[in-house]
Amino acid sequence: MGDAIICYAGAMTTESDIELSGPFKATDSSGHAHDVKAIRIFDEGYGIIDVYVDFARTIDCGHKDSVLLKSIVERLRSLGYKGPDFGLGDPGLQESKLIVLEAPEEFTTFAQSRGWKNLAEDFDE
Numbered sequence: 001m002g003d004a005i006i007c008y009a010g011a012m013t014t015e016s017d018i019e020l021s022g023p024f025k026a027t028d029s030s031g032h033a034h035d036v037k038a039i040r041i042f043d044e045g046y047g048i049i050d051v052y053v054d055f056a057r058t059i060d061c062g063h064k065d066s067v068l069l070k071s072i073v074e075r076l077r078s079l080g081y082k083g084p085d086f087g088l089g090d091p092g093l094q095e096s097k098l099i100v101l102e103a104p105e106e107f108t109t110f111a112q113s114r115g116w117k118n119l120a121e122d123f124d125e
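For the sequence shown, the numbering used here gives the first residue as 1, with consecutive numbering after it.
Just so you know, the hints here were simulated from the structure itself, not pulled from any lab data.
Warning: the hint list may mix true and false statements.
[Claimed, not checked] Okay, derived cross-link-like pairs now, DSS-like style, lysine-lysine, Cα gap no bigger than 25 Å in a straight line:
1) Lys25 to Lys97
2) Lys25 to Lys117
3) Lys37 to Lys117
4) Lys82 to Lys64
5) Lys64 to Lys37
6) Lys70 to Lys82
7) Lys25 to Lys82
8) Lys117 to Lys82
9) Lys37 to Lys82
10) Lys64 to Lys117
11) Lys37 to Lys70
12) Lys25 to Lys70
13) Lys25 to Lys64
14) Lys25 to Lys37
15) Lys97 to Lys70
[To be verified] So the derived label-pair ranges between C-beta atoms look like this:
16) Ser30 to Gln112: 17 to 25 Å
17) Ser29 to Leu119: 30 to 38 Å
18) Tyr46 to Gly83: 18 to 26 Å
19) Glu121 to His32: 36 to 44 Å
Don't be surprised by glycine CBs; every beta carbon is placed ideally from N, CA and C.
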């Protein structure tokens, strides 16, 4: 019997990822700065885009810290995103070093400018 291989979608970067931002610091409500390694999305999808925020170290309660989440969105705005704040993604996707955000519809234009492909458009013909 071979060894089992366990894959964690959030922990790995693949060739299908688009990196939107490299390393930066994001501050939480207590004033603590967290080292973000990258903000990334998958290169294609249907409709709602999940945005993956990888941290260098474990973040305690970061998933529920509105100031930290706002800091992440402000980073995206500094890169050209124009639109409302993001919501927290599926609770099952959250990890100790990863926050997954669910982007609003307005994010689609920015994502497409970075190379994201909306697979649903193939069915609109």
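Hints the structure fails to honour:
2, 10, 16
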